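J.: Residue numbers (our numbering), protein chains in the order written: chain A, 1 to 290; chain B, 1001 to 1156.
It is worth saying that the hints were derived from the structure and are not from the lab.
For clarity, every value in this text was computed on a predicted model and none was experimentally measured.
Cβ atoms here follow ideal geometry from the backbone N, Cα and C, with glycine treated the same way.
Errors might be hidden in some of the hints.
To be verified - Listed next, the in silico EDC-like pairs over lysine to aspartate or glutamate satisfying Cα-Cα at most 20 Å (straight line):
1. LYS1057/B <-> GLU78/A
2. LYS52/A <-> ASP131/A
3. LYS3/A <-> GLU1153/B
4. LYS52/A <-> GLU1132/B
Claimed, not checked - Which chain B residues face chain A? A few, computed with CB under 7 Å, are given here:
5. ILE1021
6. GLU1040
7. GLU1044
8. CYS1063
9. GLU1132
Stated by the list, open to error - Simulated DEER-style distance windows between Cβ atoms:
10. ASP1083/B <-> LYS144/A: 25 to 35 Å
11. CYS158/A <-> CYS1138/B: 27 to 37 Å
12. LYS1014/B <-> LYS283/A: 27 to 37 Å
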Amino acid sequence: MLKPFELYMPDTLDEAFGLMEKHKDAMVVAGGSDVFVLMHKGEEHPCLIDIKNIKELQGFECSPSLGMKIGALTKISEIERSAFVQEYYPALVDAVSKMACLQVRNRGTIGGNICTASPAADSAGPLYIYDATVEIVSKSGARKVAITDFFTGPKQTCLKPGELVAQIILAAPTQNSGSAYQKLMKRGSMEIGIMSAGVKIACDKEGKCVLARISLSAVNPTPIRATVAEEYLVGRELNAETINHAGELAYGIACPRTWRNCEEWSKDMVMVFVPQALDHAIKRMQKGAF
Amino acid sequence: MKEKKITFTINGTKLNRTVEIHRTLVEFLRDGLGLTGTKEGCDEGECGACTVLFDGKPIHSCCTLAVEIDGHEIVTIEGLSKDGTLDPIQQAFVDVGAVQCGFCTPGMIMSAKALLDENKNPADAEIRTAIEGNICRCTGYDRIVQAIQLAAERIK
């Protein structure tokens, strides 16, 4: 049973900003799939502002030439089922389809997932590799932040008091590219990732890598890009030797013990999962997928 | 706001009620409406025993507030049988022997219902994905999967 609390359910952004100003310690709730779990476990929030009815934070715009804008309140299951996401951003589907279970994905939102800011957040890795930008709104206007600057620590973001995530903007799909996401789990569902690797690569007509993005989740205080491995791949052919070496370079930046007592193998598995995800992405690219 | 008047449809019947805003949906179903078929298990969105359909989609009623159903449609296990005849999914669970202690069964059947409402011919893997959020500690799941397959064949 939850302890009694005050609840506000604004219908507009203006109303929400007014409430956030008046109730400075209020917890903002979207799907509630994290907040109510924590409250059941004893976390106390005397005041909640439930934003799920705010129309301005909903919606989904996409085009192959412009990319995709995902309203913060978009449910994880809507992303998972979107034919557009499945075609152009398959690593995002790889990731969100392994998130918790269907009941949670039907309630949880992508905005909520990034604002909870778990180092293992399943949506974060794909957003890193697709060069996503987060649009943040407040009473005084809007600002945009690269997803790589959004997370500032475990469970911490760059959001200031009075700010809400409005939408997440993904860069347009890159021609002749492929992407994939692999999550290390002890079982197939209801599992926080022990480590995850997201990758996106693009090649020129000669088969040389012209773009590489590699994200690692759950092995640092925030999701992180393995830029040293990305830089190594650009300009090289993608083969067993180069993708395995990219895995070794990525291994070098994984530091799981800096934020939790994670099994050593979560770091070791970076060396396995990065090449595997790269291989999967290359196969998708070769098939003309993304 | 401590209480809110809500209007909702439960198992096909439209109702108005005033609910305390901190009450979860599973508490309201069981204590407020007497619909005790929905079970409260882990109370933290892990076990799936409290699964109900919210506008046709399976959700955890332990991690949903009762006030959130205002304007929406809820179906619980009590909403499946018609005129004393079990729903084909319920009947298949009985026929296959997919029930042991029975605590997970209402949630399991609601997840199966959501699946079969939109996929009349699910593959084994699709059934297992549909019940991935429902834990059963008795059966080992195979009988449950078989029951859902049987129900799908009978519904066709």
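J.: Each hint needs a verdict: does it hold in this structure or not?
T.: Evaluation of the provided hints:
For the given pair, LYS1057/B sits about 12 Å from GLU78/A by alpha-carbon distance, which is consistent with the 20 Å threshold. For the suggested pair LYS52/A and ASP131/A, the alpha carbons sit about 26 Å apart, so the restraint of at most 20 Å is broken. With a CA separation close to 46 Å, the supplied pair LYS3/A and GLU1153/B exceeds the 20 Å bound. Of the pairs offered as hints, the one joining LYS52/A and GLU1132/B is violated, with about 26 Å between alpha carbons and a cut-off of 20 Å exceeded.
At about 4 Å, the closest approach between the beta carbon of ILE1021/B and any beta carbon in chain A falls short of 7 Å, and the interface hint on this residue holds. Hint on GLU1040/B is violated. Least Cβ distance to chain A is approximately 10 Å, over the 7 Å limit. Here the hint on GLU1044/B is kept, as its CB sits about 5 Å from the closest CB of chain A, short of 7 Å. The interface hint given for CYS1063/B holds, since its Cβ lies 4 Å from the closest Cβ of chain A, which is under the 7 Å cut-off.
Here the hint on GLU1132/B is kept, as its CB sits about 4 Å from the closest CB of chain A, short of 7 Å. Separated by about 58 Å at the C-beta atoms, ASP1083/B and LYS144/A break the suggested range of 25 to 35 Å. Distance hint for CYS158/A and CYS1138/B: a CB-CB separation of about 47 Å, inconsistent with the stated range 27 to 37 Å. Between LYS1014/B and LYS283/A the CB atoms are about 52 Å apart, so this pair departs from the stated range of 27 to 37 Å.
Figure legend: structure checked against the earlier numbered hints; hints not met, in rising order: 2, 3, 4, 6, 10, 11 and 12.
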